[in-house]
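Please construct the entire structure, taking both the sequences and the accompanying hints into account.
Which chain is which? The protein sequence lines are A and B, in order.
Take 113 as the starting number for the first sequence in our numbering and just add one per residue.
Take 113 as the starting number for the second sequence in our numbering and just add one per residue.
No lab work stands behind these hints: they were computed from the structure.
One copy or any two copies: either way a pair holds, since identical chains are not told apart in the list.
Below, simulated DSS-like cross-link-like pairs (lysine-lysine); rule was C-alpha separation at most 30 Å, straight line: (1) Lys528 <-> Lys407; (2) Lys519 <-> Lys535; (3) Lys230 <-> Lys630; (4) Lys528 <-> Lys297; (5) Lys629 <-> Lys230; (6) Lys407 <-> Lys297; (7) Lys630 <-> Lys227; (8) Lys513 <-> Lys528; (9) Lys227 <-> Lys632; (10) Lys208 <-> Lys220; (11) Lys528 <-> Lys539; (12) Lys230 <-> Lys218; (13) Lys230 <-> Lys632; (14) Lys428 <-> Lys513; (15) Lys632 <-> Lys220; (16) Lys629 <-> Lys227; (17) Lys169 <-> Lys220.
Just so it is clear, the structure is predicted and the values come from calculations on it, not from any experiment.
2 protein chains.
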Amino acid sequence: MAAPRNIARLATRLSSRRSAISSSSSSTSTLRRATKPITEFIRNGSTLPPRSSQFAKATTDHLNALKAISSSTLSTLDNTASADELKTYNDDWMNKYHGKSQIVVKPKTTEEVSKIMKYCYANDLAVVPQGGNTGLVGGSNPVHDEIILNLTNLNQIRSFDEVSGVLVADGGVILETADHYLAEKGFIFPLDLGAKGSCHIGGNVSTNAGGLRLLRYGSLHGTVLGLEVVLPDGTIWNGLSKLRKDNTGFDIKQLFIGSEGTIGIITAISILCPRRPSAMNVAVFSLDSYEAVQKVFAEAKGHLGEILSAFEFFDKQSYALVKKHQEENGGDRKVFETEGDFYCLIETGGSNAEHDEAKLTGLLEHLMENEMVLDGVLAQDSTQFQSLWSLRELVPESAGKAGSVYKYDVSVPVGKMYGLVEKMRTKLREGGILEGDGKKDGPIRAVAGYGHMGDGNLHINIVANKYTDEVEKIIEPYIYEIVAENEGSISAEHGLGVMKAPYIGYSKNETSIELMKKVKTLFDPKGLLNPYKYIV
Amino acid sequence: MAAPRNIARLATRLSSRRSAISSSSSSTSTLRRATKPITEFIRNGSTLPPRSSQFAKATTDHLNALKAISSSTLSTLDNTASADELKTYNDDWMNKYHGKSQIVVKPKTTEEVSKIMKYCYANDLAVVPQGGNTGLVGGSNPVHDEIILNLTNLNQIRSFDEVSGVLVADGGVILETADHYLAEKGFIFPLDLGAKGSCHIGGNVSTNAGGLRLLRYGSLHGTVLGLEVVLPDGTIWNGLSKLRKDNTGFDIKQLFIGSEGTIGIITAISILCPRRPSAMNVAVFSLDSYEAVQKVFAEAKGHLGEILSAFEFFDKQSYALVKKHQEENGGDRKVFETEGDFYCLIETGGSNAEHDEAKLTGLLEHLMENEMVLDGVLAQDSTQFQSLWSLRELVPESAGKAGSVYKYDVSVPVGKMYGLVEKMRTKLREGGILEGDGKKDGPIRAVAGYGHMGDGNLHINIVANKYTDEVEKIIEPYIYEIVAENEGSISAEHGLGVMKAPYIGYSKNETSIELMKKVKTLFDPKGLLNPYKYIV
Numbered sequence: 113m114a115a116p117r118n119i120a121r122l123a124t125r126l127s128s129r130r131s132a133i134s135s136s137s138s139s140t141s142t143l144r145r146a147t148k149p150i151t152e153f154i155r156n157g158s159t160l161p162p163r164s165s166q167f168a169k170a171t172t173d174h175l176n177a178l179k180a181i182s183s184s185t186l187s188t189l190d191n192t193a194s195a196d197e198l199k200t201y202n203d204d205w206m207n208k209y210h211g212k213s214q215i216v217v218k219p220k221t222t223e224e225v226s227k228i229m230k231y232c233y234a235n236d237l238a239v240v241p242q243g244g245n246t247g248l249v250g251g252s253n254p255v256h257d258e259i260i261l262n263l264t265n266l267n268q269i270r271s272f273d274e275v276s277g278v279l280v281a282d283g284g285v286i287l288e289t290a291d292h293y294l295a296e297k298g299f300i301f302p303l304d305l306g307a308k309g310s311c312h313i314g315g316n317v318s319t320n321a322g323g324l325r326l327l328r329y330g331s332l333h334g335t336v337l338g339l340e341v342v343l344p345d346g347t348i349w350n351g352l353s354k355l356r357k358d359n360t361g362f363d364i365k366q367l368f369i370g371s372e373g374t375i376g377i378i379t380a381i382s383i384l385c386p387r388r389p390s391a392m393n394v395a396v397f398s399l400d401s402y403e404a405v406q407k408v409f410a411e412a413k414g415h416l417g418e419i420l421s422a423f424e425f426f427d428k429q430s431y432a433l434v435k436k437h438q439e440e441n442g443g444d445r446k447v448f449e450t451e452g453d454f455y456c457l458i459e460t461g462g463s464n465a466e467h468d469e470a471k472l473t474g475l476l477e478h479l480m481e482n483e484m485v486l487d488g489v490l491a492q493d494s495t496q497f498q499s500l501w502s503l504r505e506l507v508p509e510s511a512g513k514a515g516s517v518y519k520y521d522v523s524v525p526v527g528k529m530y531g532l533v534e535k536m537r538t539k540l541r542e543g544g545i546l547e548g549d550g551k552k553d554g555p556i557r558a559v560a561g562y563g564h565m566g567d568g569n570l571h572i573n574i575v576a577n578k579y580t581d582e583v584e585k586i587i588e589p590y591i592y593e594i595v596a597e598n599e600g601s602i603s604a605e606h607g608l609g610v611m612k613a614p615y616i617g618y619s620k621n622e623t624s625i626e627l628m629k630k631v632k633t634l635f636d637p638k639g640l641l642n643p644y645k646y647i648v
Numbered sequence: 113m114a115a116p117r118n119i120a121r122l123a124t125r126l127s128s129r130r131s132a133i134s135s136s137s138s139s140t141s142t143l144r145r146a147t148k149p150i151t152e153f154i155r156n157g158s159t160l161p162p163r164s165s166q167f168a169k170a171t172t173d174h175l176n177a178l179k180a181i182s183s184s185t186l187s188t189l190d191n192t193a194s195a196d197e198l199k200t201y202n203d204d205w206m207n208k209y210h211g212k213s214q215i216v217v218k219p220k221t222t223e224e225v226s227k228i229m230k231y232c233y234a235n236d237l238a239v240v241p242q243g244g245n246t247g248l249v250g251g252s253n254p255v256h257d258e259i260i261l262n263l264t265n266l267n268q269i270r271s272f273d274e275v276s277g278v279l280v281a282d283g284g285v286i287l288e289t290a291d292h293y294l295a296e297k298g299f300i301f302p303l304d305l306g307a308k309g310s311c312h313i314g315g316n317v318s319t320n321a322g323g324l325r326l327l328r329y330g331s332l333h334g335t336v337l338g339l340e341v342v343l344p345d346g347t348i349w350n351g352l353s354k355l356r357k358d359n360t361g362f363d364i365k366q367l368f369i370g371s372e373g374t375i376g377i378i379t380a381i382s383i384l385c386p387r388r389p390s391a392m393n394v395a396v397f398s399l400d401s402y403e404a405v406q407k408v409f410a411e412a413k414g415h416l417g418e419i420l421s422a423f424e425f426f427d428k429q430s431y432a433l434v435k436k437h438q439e440e441n442g443g444d445r446k447v448f449e450t451e452g453d454f455y456c457l458i459e460t461g462g463s464n465a466e467h468d469e470a471k472l473t474g475l476l477e478h479l480m481e482n483e484m485v486l487d488g489v490l491a492q493d494s495t496q497f498q499s500l501w502s503l504r505e506l507v508p509e510s511a512g513k514a515g516s517v518y519k520y521d522v523s524v525p526v527g528k529m530y531g532l533v534e535k536m537r538t539k540l541r542e543g544g545i546l547e548g549d550g551k552k553d554g555p556i557r558a559v560a561g562y563g564h565m566g567d568g569n570l571h572i573n574i575v576a577n578k579y580t581d582e583v584e585k586i587i588e589p590y591i592y593e594i595v596a597e598n599e600g601s602i603s604a605e606h607g608l609g610v611m612k613a614p615y616i617g618y619s620k621n622e623t624s625i626e627l628m629k630k631v632k633t634l635f636d637p638k639g640l641l642n643p644y645k646y647i648v
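Structure below.
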């Protein structure tokens with residue numbers, strides 16, 4: 113095989129160019145924001161659990177007591193808000209979950225949160241904590257008439273230490289606001305999400321958000337140094353440490369990271385923020401097998417080491433969906449001289465543009481010499497940077513345009529990741545519903561696999577003509593079974609919420625579930641906080 | 113001020129040299145091992161708590177039952193071991209803590225650990241889990257006659273995935289063994305300790321060990337992906353996930369990280385291992401103030417970014433102790449042309465030697481141009497690499513040679529770190545016991561401050577003529593008070609064990625302590641596991 117032309121051409125050009133895309137730290141953020149967030153569609157899950165009679169029904173007496181605590185309280189009970197106004201809080205952004213709460217409280221201080229919880233606890237009123245309401249599993253909306261405790265007004269940055277990089281801020285601070293604040297000081301929030309313009313950092317921590325920077329900066333379990341939490345009975349737990357090292361007892365804060373508001377309300381976080389990379393690069397490759405993708409991943413880690421910031425992959429089915437979508441929108445670009453069965457995207461972020469380019473050139477040359485890739489393209493400017501990222505980021509949107517999508521977000525060991533997609537195809541083929549293979553008009557048009565290779569996070573999109581019980585029964589619970597067989601997770605980053613709570617048994621064993629229930633009861637014996645979800 | 117000569121000379125030489133020290137990944141490990149581990153001396157703390165009558169006294173019946181479970185059981189009860197042989201397990205390596213256990217069980221499998229715990233739980237026998245027995249706070253030795261469950265025989269590497277970098281290994285694997293195994297594959301264990309030749313990775317996780325690589329790779333709360341734990345009642349909890357992302361419930365494993373064997377016995381860990389850096393550099397600077405150290409720390413983070421692997425500091429009192437110790441041992445080296453009130457050590461570890469040197473040169477030039485340092489020295493070869501590290505690593509040993517040392521390991525925000533040392537000096541001066549200041553023969557000869565600047569981890573060494581009540585009463589609880597005033601931790605990395613358990617109130621508030629007690633009771637209602645320690 114001849115050396116791929118694109119790469120050969122680009123590799124020689126690489127060292128001479130000066131990357132416009134990496135001239136300032138803020139440009140990165142702009143680039144990311146300019147890209148459309150990945151919209152996620154999730155089907156309506158099982159029937160919602162019934163309302164618990166253990167919880168009181170909110171009355172005007174309750175409302176008046178809450179208004180005395182927090183002036184920023186809205187309710188349909190006294191017409192301070194219309195039912196339509198409360199819909200913003202009752203419904204999720206996908207318009208999939210619809211709560212029936214009559215009261216929204218928006219406290220301005222931790223003390224107000226504490227008083228609200230104390231009152232609700234004493235009066236058996238169930239409460240759903242709500243941040244930016246950008247979740248994908250119905251975790252921040254009422255299932256029935258729970259009081260909504262929205263943290264929008266708790267939005268102050270409390271302190272930032274430029275020596276240690278430790279930021280302390282209220283839970284209701286919007287992620288993008290926090291990141292802009294840090295950017296001005298040359299630092300970066302160690303988490304990036306499509307929903308950054310709306311989501312709250314407290315919500316990010318309570319859902320253990322993953323996002324785009326996880327490969328580089330690790331999970332919030334490592335970067336969060338401390339939390340301030342209001343417990344279900346109103347007790348304020350001040351665990352707002354700014355210390356990187358503290359070995360004086362159980363690391364209680366870890367329980368709240370990813371607890372989805374079921375055992376406490378995060379009112380402030382303390383987090384370690386790294387320096388902002390001053391240089392960014394991105395390259396996309398075509399490859400002939402998933403084995404090749406794995407090999408390139410290993411090589412990328414070896415050559416790029418500490419500057420590797422993202423490693424994403426997608427299959428030819430995903431790429432076909434994106435190309436079709438782009439063609440339909442007037443785009444007609446030939447990206448690769450040689451297309452492949454697989455594609456991967458590599459992003460670097462470092463402190464020295466020349467060094468990063470040299471490392472990337474070294475990787476390109478190695479991949480070429482060893483014929484590990486079919487072709488490759490490297491971004492030459494900010495437009496190309498965004499355009500190459502869009503090949504990966506447009507997959508979910510393109511799938512949505514192609515039909516009704518059964519969408520799964522799972523996590524399995526990297527080596528087993530693509531096997532799940534293949535098993536799914538076999539299952540659908542055996543069921544006689546996959547298009548092709550002599551079945552020209554099967555209800556399933558495509559099965560696309562893509563995701564965060566670096567994190568072992570796989571997205572499977574099954575594109576159907578329409579949603580039918582026949583199709584669903586073939587997919588589920590099979591998809592959960594093969595995740596479980598591979599010791600995977602049925603929710604890599606979206607959480608459990610109300611949607612996946614019934615399926616936890618596919619990811620967690622009996623002992624784990626029993627321990628989780630004990631922890632829930634320990635912190636919230638009345639079960640008032642975010643009921644009907646997570647662990648039920 | 114003229115540009116420091118050492119730096120000017122070295123900076124120009126820097127780009128032309130080829131670092132012998134960074135020629136292979138294994139050399140780093142060799143260098144570290146060649147350096148003497150930092151020996152830590154800690155005074156005997158408060159009186160030990162009395163034996164609890166709730167625990168059964170071990171009999172020959174118990175012994176026989178345990179021997180039936182695990183053939184590798186030693187006891188003085190049936191003379192399968194002498195009291196002297198059991199001392200290895202009963203005493204800590206500093207010979208400070210002395211247990212009186214008559215039974216040591218050394219299971220070979222997780223199932224054996226489970227059966228042992230099940231039996232002990234049913235029979236009210238208290239148990240102390242023991243790894244490499246290298247701790248500094250008496251956490252792995254019996255306080256009275258607890259049965260010792262030693263994990264030495266549980267020492268198999270279970271699997272390693274070269275694509276994801278995930279290692280799964282038994283808790284009893286020695287840290288150095290794990291790291292050597294990984295080195296052969298081009299990976300590194302994300303933790304390094306002086307005790308690496310003896311300590312167990314299960315013990316590292318259960319004590320949340322910090323060590324030398326924390327600045328670069330973060331804490332074990334971020335790198336540990338899963339655990340297998342035997343609970344106090346013998347239940348095996350398989351939480352041995354290999355996934356980077358899993359948002360399906362409370363992250364229960366986090367409770368065991370740093371729990372010091374009080375709620376479960378870690379029988380295996382799953383941990384994410386990064387690629388091994390192929391290049392290492394080290395430089396030491398003299399500076400005129402602690403403010404300058406902080407500025408250089410910020411500059412180092414900015415210039416070195418992702419390759420900064422250690423930032424250590426020590427004051428002139430520490431350096432004086434080291435120089436004296438070196439002179440007494442025949443060393444007579446002039447390191448700095450201009451000495452200072454403070455010193456800092458910067459280590460880099462990256463994937464490209466030339467790039468790293470260029471980044472370091474850039475930092476040196478910046479520090480020189482802005483007159484932020486008085487002088488600086490850069491290692492030219494492996495001997496110098498080790499010799500420069502020894503300036504920092506010899507501080508505790510040198511203090512020990514100079515007198516009786518009151519030794520503290522605390523954590524405070526970086527900006528407030530050195531203020532603690534100054535407050536301590538003022539306190540001793542006010543007490544009229546600090547040498548100098550018109551008191552030529554005070555019992556306190558020196559107060560030295562040094563530590564892991566990058567982690568906010570300060571060591572204070574107070575060198576006295578001898579240990580006296582008069583001196584101790586002036587130091588304690590004052591030292592804990594000023595740590596608490598600064599929202600610090602009274603134990604940055606050593607843990608609580610039996611030594612610091614009584615002082616937890618200085619670092620944790622009432623709510624935290626109450627939550628800790630609830631967690632302990634939840635997992636270990638009989639309080640059988642590692643009693644008299646941690647949270648009491």
